Amino acid sequence: MTEIQAGTGAAGVAASDQVPAIELDEVVKEYVSHGEVVQAVKGVSLAIGEGEFFSLLGPSGCGKTTSMRMIAGFEEPTRGVVRLHGQDVTNVPPNKRDINMVFQSYALFPHMNVWDNVAFGLKRKKIPDGEIRQRVGEMLEIVDLVGREKRRPREMSGGQQQRVALARALVNRPRALLLDEPLGALDLKLRQHMQIELKRIQREVGITFVYVTHDQSEALTMSDRIAVMNDGLVEQLAGPREIYERPATKFVAGFIGTSNLLGGVVRAVNGASAVLALGPSDRVVVPVQGAVAEGDTVELTVRPEKITISTEQPGGDLSMVEGTVSEVVYLGTYNSYAVALAGGAEITVFQQNAHDSTTTAERGDTVWLSWQPQHSYALQ
Amino acid sequence: MSRVRAALTPYALIFPGGVWLAIFFVVPTVVMLSLSLQSGNVADGFVFTWNWQSYVDGLTNYHDQIIRSLVYGLAATVIQIIIGFPVAYWIAFKGGRHKSIYLFLLLLPFLVSFVLRTISWQFLLSDNGMLLGPLKNIGLLPDDFRILATPYAVIGGLAYNFLPFMVLPMYVALERIDPRVLEAANDLYAGKFQTFLRVVLPLSLPGVFAGVLMTFVPASSDYVNASVLGGTSTTMIGNVIQNQYLVTQDYPTASALSFTLMALLLLGIFAYAKALGTEDVLEVAAR
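Protein chains in written order, with our numbering: chain A, 1 to 380; chain B, 1001 to 1287.
None of the hints are false.
Which residues of chain B face chain A? A partial, calculated answer using Cβ under 8 Å: (1) Asp1178; (2) Arg1180; (3) Val1181; (4) Glu1183; (5) Ala1184; (6) Tyr1189; (7) Gly1191; (8) Pro1202; (9) Leu1203.
Keep in mind that the hints were calculated from the coordinates and are not lab data. All of these numbers come straight from a predicted model, not from anything done at the bench. Backbone N, C-alpha and C define an ideal beta-carbon position, used for all residues, glycine too.
Given the sequences, and given the hints that come with them, work out the whole structure.
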């Protein structure tokens, strides 16, 4: 634990032999609301690595913002410990923590121009004037605001204000930057542009970013790792690919992207996979971990784009189910099919409009849906 | 048709207020201006003669009272800022769910008439009254100590009577401050005092500015406090004007003095607004 070794594991995964930049240890936050104790955060443990782009993702009220505010120091945990670089900062006020925050609505100082906003933190830290000038100038260059130093926040567009907020935090060279839904107020085009910008800036400055969002595509695009939160707890903590491909819980499967849920009784167990009984001509094989016995009910998830739709029964080792097309939606780059199974479940299938797409199922057609067994996951 | 109506609507909206101001402000002001340049007396009537002498007389005979009025008004305003700011700050930031109750309590004394409140101050501050009597009895104060008829009583009364007009605009300015802006300052290494100095105070200045305008002007031209709480050495220009109108019945001098006071206050306001009312001041304050 105290030993710091060089070299990390797979990119983006916090190596366990390094002191994490940010650590939450069994953190609980309780509020008293109308005489009742409400738990906003119910025991969250996280370790965020140095230089990592880490996202807290979840619906509103899941505890992600409260968790971030405890890292920043605006809230004190009811129980548990917050550590920054191994040091216990649980009761340290925000102005004594070496981390900065980008607020949801930017919270720029309305009475100061861009330059004074950005220089605020450095002045409080009593950095010499010459160095302040140099660092603020450099930072305004990074966020592309040179020439707008004298503007007031309200004379600027949302995207520009956003960049001022970012510069105001980053200019202090904090050891970690917290971002609370920073792109929420921007329109789609600008948001996508800023996602790429943020990622670029993070690479350039090499600072740990903790990003709070309810937008799953934002989290998937930018993050090294994501903690999906629900109801005050972390449901899954993994890289974007794993979160998307292998959702650990039903909540994660439903919250991230579109996913299909299929339930069935185990007919046979073959080593690490189970064969489920669905319709008479269906064959669904799913990899399972741990003890699953014949007769158990297992729920599995499979992503719409992993499924192939065909009018003839496919061969090979694929999982396959039979159903009836109930809806076809043309979405430009792909078609979305809704297929009703005999058991009542409805499966969504995305099919690319590639040049060699030959299948053209119509509403009412009987079709076969098939997928590689390793693309489906049993849920806990 | 509808375009004509749309063009006329703004004028229709200001018409009632415009007529009101024309009848009750513009006309009396013009009459007063004319009166200040007339000569004569009540018995024989006044004639318009471009008589500037009233202005000269007014300034030579009563410049002491004019200066005293401005000094008292300023002193009362400063006291109101010192007393009022913490009150406004406390209600805005610590008032929680009961903000409106606290604001109501602040305004509660003002449901009683202005003159009556001042007279009750006279009662409280009288030489052997509720406040000074017991203190003199136990020997804490000498027997000849008094507050009434001193400048302290008049300035105190002025500060008290116009306090809500100072607190309310300051409260509005403080209330509008986004708490996240304060968190941002805290996040950017500013402690409580620095956050107050660099963020809260500059953002409250527009409220203080409005409060000063709303209290300094009526306090400087007030005559009730000086006549109820003051003595012969605390006469303000308001008392002189009242006396000239009602007792001496020298209408031209009274009008000339009113105009002089109005001109001085307007000049003061313009200078003040020019110096403090611009946004540059906020930026300077933020450094």
